[in-house]
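Peer 1: So the chains spell out like this:
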Amino acid sequence: MKSLAELKAIREKMQNQVNMRSDDPDHIRVVVGMATCGIAAGARPVLNELSELVQKKGLTDKISVTQTGCIGLCQYEPIVEVFEPGKEKVTYIKMNAEKADEVFERHLAGGHVVDKYTMGSADMK
Amino acid sequence: MTEISLNVLDVAENSTRAKASLVTVTVAADTASDSLKISIADDGCGMDAEQVKRVTDPFFTTRTTRKVGLGVPFFKMACESTGGSFDIVSEPGIGTTVTALFVISHIDRMPLGDMCTTMHNLIVFHPDTDFIYRYSYDGDSFVLDTREMREILGGVPLDNPEVSAYIREYLRENTNEINAGKPLL
Chain A
1165 MKSLAELKAI REKMQNQVNM RSDDPDHIRV VVGMATCGIA AGARPVLNEL
1215 SELVQKKGLT DKISVTQTGC IGLCQYEPIV EVFEPGKEKV TYIKMNAEKA
1265 DEVFERHLAG GHVVDKYTMG SADMK
Chain B
2 MTEISLNVLD VAENSTRAKA SLVTVTVAAD TASDSLKISI ADDGCGMDAE
52 QVKRVTDPFF TTRTTRKVGL GVPFFKMACE STGGSFDIVS EPGIGTTVTA
102 LFVISHIDRM PLGDMCTTMH NLIVFHPDTD FIYRYSYDGD SFVLDTREMR
152 EILGGVPLDN PEVSAYIREY LRENTNEINA GKPLL
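Quick mapping for you: the protein sequence lines, in order, are chains A and B.
Using my numbering, read the first sequence as starting at 1165 and increasing by one per residue.
Using my numbering, read the second sequence as starting at 2 and increasing by one per residue.
Chain A on its own, in the form it takes in the complex (with noise of 0.2 Å):
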């Protein structure tokens, strides 16, 4: 069985490190709609899947990516928005984890808004 042995080594290793907040003023937020809805249609892949690219490129700093309850919007879940401090939300719909990694590659880390994804090109019936 695994031990907590291990935390004791990871306290260690962090007590040398700072941890920058986030009031930095660039620092990027990415909400995952996680109601009912959400985890329905399969938002919880979408939200390991950023979580897991944040961690791995080394952006913990600088994108944070949460959860939030029902939006209102489920017949479009999974929904990802995207709050980048002087510029309008991003709302990303019907989202999938391989979307998640072209929006984390074009949006998140290379700053373009992945424009075929978002609501604003849905097909609003």
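Hints were generated in silico from the structure; no laboratory data involved.
The reader is advised that the hints may include incorrect statements.
[To be verified] Straight-line alpha carbon distances no greater than 20 Å define the calculated SDA-like cross-link-like pairs of lysine to any residue that follow:
#1 K1220(A) x F126(B)
#2 K1172(A) x N161(B)
#3 K1166(A) x A181(B)
#4 K1221(A) x Y167(B)
#5 K1166(A) x Y167(B)
#6 K1263(A) x Y1240(A)
#7 K1166(A) x G182(B)
Please arrange chain B on chain A, whose structure you already have, making use of the hints.
Peer 2: Showing chain B alone in chain A's frame:
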């Protein structure tokens, strides 16, 4: 929902929204009695008798963005369609406990699914809430208690990337050890 773990994720999210400081998730499988018992207990704001009566109604919700609340009704339907049972106990100011009993062998029982990811998500995305996770399958069991982890970590948050990776591995390894040689749930 396609797996029980997603229902658990959904209902446990209710607990965190109820401002719980401790959420206890128990998954206990016992093939001898053909039962899979899942309970989610929290010390959040709780519900009064009227709300408890209505919470299983899909058209009842405390949210303002929609007029349906499906989390609890889905969970109830999932276990009752296997011939199992559903129970919800709550008291304002004390907390809520949801218990679902599934009949393992019933053809309509959905898979348990990825409980590790559910628990990992709950812990890491609610780093200020404590969780106890008890998983047992035919007598073999393990426990994850975030309060123990916090003591050792002394201030390092649970959503720190290395801690997060550790928690994921802890859940996976311990779960795999317990599941070894047993039928997939």
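Peer 1: Now tell me if each hint is right for this structure.
Peer 2: Hint check results:
no.: 1; hint: K1220(A) x F126(B); result: holds (17 Å)
no.: 2; hint: K1172(A) x N161(B); result: holds (14 Å)
no.: 3; hint: K1166(A) x A181(B); result: holds (15 Å)
no.: 4; hint: K1221(A) x Y167(B); result: holds (18 Å)
no.: 5; hint: K1166(A) x Y167(B); result: holds (10 Å)
no.: 6; hint: K1263(A) x Y1240(A); result: holds (14 Å)
no.: 7; hint: K1166(A) x G182(B); result: holds (19 Å)
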